[in-house]
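Protein chains in written order, with full-length UniProt numbering: chain G, 1 to 296; chain B, 1 to 414.
Everything labelled a hint here was simulated from the structure, so no lab data went into it. Take the hints with a grain of salt, since some may be wrong.
[To be verified] Simulated crosslink set (EDC-like; lysine to aspartate or glutamate; CA at most 20 angstroms straight-line):
id : chain 1 : residue 1 : chain 2 : residue 2
1  : G       : Lys267    : B       : Glu79
2  : B       : Lys214    : G       : Asp230
3  : G       : Lys43     : B       : Asp274
4  : G       : Lys156    : B       : Asp321
5  : G       : Lys50     : B       : Asp386
6  : B       : Lys80     : G       : Glu186
7  : G       : Lys100    : G       : Glu186
8  : B       : Lys135    : B       : Asp386
9  : B       : Lys375    : B       : Glu363
10 : G       : Lys267    : G       : Asp34
11 : B       : Lys365    : B       : Glu390
12 : B       : Lys214    : G       : Asp34
13 : B       : Lys130    : B       : Asp326
14 : G       : Lys43     : B       : Glu272
15 : B       : Lys80     : G       : Asp230
16 : G       : Lys156    : B       : Asp398
[Stated by the list, open to error] For each label pair, taking beta carbons as the anchor points, the in silico distance ranges come out as:
id : chain 1 : residue 1 : chain 2 : residue 2 : range
17 : G       : Asp154    : B       : Asp160    : 23 to 31 angstroms
18 : B       : Glu291    : G       : Val271    : 52 to 60 angstroms
19 : G       : Glu196    : B       : Ile330    : 38 to 46 angstroms
Since the structure is predicted, the reported quantities are computational estimates derived from the model, not experimental observations. Idealized CB from N, CA, C, for every residue including glycine.
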Amino acid sequence: MDYLDHLEAEAIYILREVAGQFENPALLFSGGKDSITLVHLAKKAFRPGKFPFPLVHIDTGHNFPETIAYRDWLVEQTGEKLIVGLVQDSINQGKVVEQKGKNASRNALQTVTLLETIEKNGFDACIGGARRDEEKARAKERIFSVRDEFGQWDPKRQRPELWNIFNGKIHKGENVRVFPISNWTELDVWNYIKREQIALPSIYFSHERDVVFRNGQWMAAAPFLQIDADDTVEHKSVRFRTVGDMTCTAAVDSSAVELDDIIAEIKASTVSERGARMDDKVSEAAMEERKKQGYF
Amino acid sequence: MNILKFITAGSVDDGKSTLIGRLLYDTNSILDDQLEAIKKANRKNNDGTVDLAILTDGLKAEREQGITIDVAYKYFQTEKRKFIIADAPGHIQYTRNMVTGASNSELIIILVDARKGVIEQTKRHSFLAKLLSLKKVLVCVNKMDMVDYEQAVYENIKTDYLALAERLGLENVDFLPVSALKGDNIVYASEQMSWYSGASLLDYLESVEIPTNKEQPWRFPVQWVVRPQTDELHDYRGYAGRVLGEGLRVGEDVIVLPSGARSKVARIELNERDLAGASDGQSIIVHLTDEVDVSRGDILVSANEPALAERNFEANICWFDNKPLDDTQIYLLQNHSTLTKIKIAEVLYKFDVNNQEKITGEEIKLNDIGKVSVKAAAEVIFDTQDAFAENSRAILIDPRTNLTVAALMIEHVA
Chain G
1 MDYLDHLEAE AIYILREVAG QFENPALLFS GGKDSITLVH LAKKAFRPGK FPFPLVHIDT
61 GHNFPETIAY RDWLVEQTGE KLIVGLVQDS INQGKVVEQK GKNASRNALQ TVTLLETIEK
121 NGFDACIGGA RRDEEKARAK ERIFSVRDEF GQWDPKRQRP ELWNIFNGKI HKGENVRVFP
181 ISNWTELDVW NYIKREQIAL PSIYFSHERD VVFRNGQWMA AAPFLQIDAD DTVEHKSVRF
241 RTVGDMTCTA AVDSSAVELD DIIAEIKAST VSERGARMDD KVSEAAMEER KKQGYF
Chain B
1 MNILKFITAG SVDDGKSTLI GRLLYDTNSI LDDQLEAIKK ANRKNNDGTV DLAILTDGLK
61 AEREQGITID VAYKYFQTEK RKFIIADAPG HIQYTRNMVT GASNSELIII LVDARKGVIE
121 QTKRHSFLAK LLSLKKVLVC VNKMDMVDYE QAVYENIKTD YLALAERLGL ENVDFLPVSA
181 LKGDNIVYAS EQMSWYSGAS LLDYLESVEI PTNKEQPWRF PVQWVVRPQT DELHDYRGYA
241 GRVLGEGLRV GEDVIVLPSG ARSKVARIEL NERDLAGASD GQSIIVHLTD EVDVSRGDIL
301 VSANEPALAE RNFEANICWF DNKPLDDTQI YLLQNHSTLT KIKIAEVLYK FDVNNQEKIT
361 GEEIKLNDIG KVSVKAAAEV IFDTQDAFAE NSRAILIDPR TNLTVAALMI EHVA
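The following block holds chain G by itself, in its conformation from the complex:
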């Protein structure tokens, strides 16, 4: 079997296991290429039926406007249900405190909103688009990853995961994070998007925008990004290789306007995808620590 067919068949199998094993699953949708790929795979797994889960977006309020426009378009086009959890609500309720200063980001805050949204809706499984090639702590993650009632991941107590038999048994209050595209690489995702002609938000392709040079990276100039007098704002031709918050996702210099260009760019790149994520650079175990708290 061709490798993309193999990865697709495996992901569909995992999605159907989620549908079969859990009472109230959800698909965590960020508007990035990986969760967009998940939605596409869910269509393959369940059409002509409806998805047996809603899409859930944890909205930090610091999104790229293009991502939100795409999200709303996708929801309308698929006719599936969307649930939005707002980080702003958690801030207003005093459950989290907004960071201050130049490198402030809501990235860490979203874990709280995510856990609240899970609890409020009683989700017992959350499907996510994390991949093992992204980051070294993620390389250790199981496909069915059990979180305790506080959303915590304990890497030392992971269940053994044998063959393609997934144990989804949990106690009330716990939930399982499920990663159907664990075995895909960044390049696999792009090759698949190309093969399947999946539509993406425009920011993945080269475009012109105002950017600020910060900590060695180009950040999109946004109203909520603190820009001081000594910062220079430049107008550049860029694209985004990974899409999270505007405050933690850096742009890359690029003239790639088509999928073929992007694929060629990634093949030639000498830095990893997460190299453009400020949130991973805090410490060597940044991702592991966040995952233990309940992040993806």
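Using the hints provided, position chain B relative to the given structure of chain G.
Chain B alone, transformed into the frame defined by chain G:
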């Protein structure tokens, strides 16, 4: 381009992580920022070179202790193939993690230290390879640089290992002399071992043929029933699942197990397209000609070559839980999408994993491997391990803790 999934096994200092690190490094699969991070971590080998093992030790506790605790999955690809590497720990106390990694691999690379030859761990890992029915074994005789690249050392180890393989009944074994540290025969042919004219590790991995399930009759575990129940698709009723084995085609006679109902395949859908037939590994939707009762957990099988449906059977078992096997307790057996209550009727024996001797009269504890007879509350649908390994596998769940406590490979009907 297809995918090869492999695992590396060896004892603590045999250089598994170094081998993987070298393979990734020499194929330019390590990116600048990852290399930068390794250099920053500043972990060095004894000879002062950068320790590539750190690439796969993704957890803080692993980096602190300098050992691999849990399986890490690594990915790389060449023009010819995509590779998924399970980097698993070799310590006996992490046998369960190694079994996890091996269960998701087709090929196992067993590292043997050229200075030490075939040792207990080699035997244990080879035994696990047999137990888990891995399709190919590659023995890498590593650290050839430490024995002056001498051919005689390699040949002696090969002879010793072949004797072990024969004793275990391991087939499909290949050999390769390497130095992971120096890069001999990893990606590039070794200049130091002109006596070896075979493939380098990368060449081998790119070209090795993995036996497929072409000879096996098809089985179709139903995962999910697709029923849109809309006006235009009022009668649509499709059974979604992933095919095992070959021969599932439209018009094929079908038995639904465990009910025993009979029907025929009316349609096969893949991504909303109709197919004439489906192959091993495809996730598809099957429609039957009759309105028989089929739900998640049922297995459709070829009427000409049906699977077994039994309540009593014997199985090899690997125990993963801190709490020993309790033959008074009820466990849940999960195979495919089915959960069945079972009891371990009897522990027949356990294996000394280092010499494969059978020990009777002892309980099965964490990391033990043994043979048990099982009594199930309902019929379990399977093939025996010898007949069709991929349809002989199951896990055991402790219903009180929900933990996966064991892996089972069904050997025969009791």
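We went through each hint and held it up to the structure:
Annotation: proposed proximity of G/Lys267 to B/Glu79 holds, straight-line Cα distance about 12 angstroms (limit 20 angstroms). Of the pairs offered as hints, the one joining B/Lys214 and G/Asp230 is violated, with about 67 angstroms between alpha carbons and a cut-off of 20 angstroms exceeded. Under the criterion of a C-alpha separation no larger than 20 angstroms, the hint pairing G/Lys43 with B/Asp274 is consistent with the structure, at around 16 angstroms. Annotation: proposed proximity of G/Lys156 to B/Asp321 holds, straight-line Cα distance about 13 angstroms (limit 20 angstroms).
Of the supplied pair hints, the one linking G/Lys50 and B/Asp386 is violated, its CA atoms being roughly 40 angstroms apart against a limit of 20 angstroms. Proposed proximity of B/Lys80 and G/Glu186 is supported: the alpha carbons are some 18 angstroms apart, at most 20 angstroms. In summary, the hint linking G/Lys100 to G/Glu186 is not supported, as the alpha carbons are separated by about 33 angstroms, beyond the 20 angstroms threshold. Our distance criterion of 20 angstroms between C-alpha atoms is met by B/Lys135 and B/Asp386, whose separation comes to about 12 angstroms.
Distance restraint check for B/Lys375 and B/Glu363: the Cα-Cα separation of roughly 18 angstroms lies within the 20 angstroms cut-off, and the hinted pair is therefore satisfied. Among the hinted pairs, G/Lys267 with G/Asp34 is consistent with the structure: their alpha-carbon atoms are about 18 angstroms apart, no more than 20 angstroms. With a C-alpha separation of about 25 angstroms, the suggested pair B/Lys365 and B/Glu390 falls outside the 20 angstroms cut-off, and the hint is violated. Only pairs whose Cα atoms come within 20 angstroms are accepted, and B/Lys214 paired with G/Asp34 is rejected, the gap being roughly 33 angstroms.
For a cut-off of 20 angstroms, the pair hint linking B/Lys130 to B/Asp326 is broken: about 26 angstroms separates their Cα positions. Under the criterion of a C-alpha separation no larger than 20 angstroms, the hint pairing G/Lys43 with B/Glu272 is consistent with the structure, at around 10 angstroms. Restraint check: the Cα-Cα separation between B/Lys80 and G/Asp230 comes to about 50 angstroms, which exceeds 20 angstroms; the hinted pair is violated. The hinted pair formed by G/Lys156 and B/Asp398 meets the criterion: a straight-line CA distance of about 19 angstroms does not exceed 20 angstroms.
Hint check: G/Asp154 to B/Asp160, Cβ distance near 41 angstroms, so the stated range 23 to 31 angstroms is violated. For the pair B/Glu291 and G/Val271, the supplied restraint of 52 to 60 angstroms holds, since their beta-carbon distance comes to about 57 angstroms. The given range of 38 to 46 angstroms is respected by G/Glu196 and B/Ile330, whose C-beta atoms sit roughly 45 angstroms from each other.
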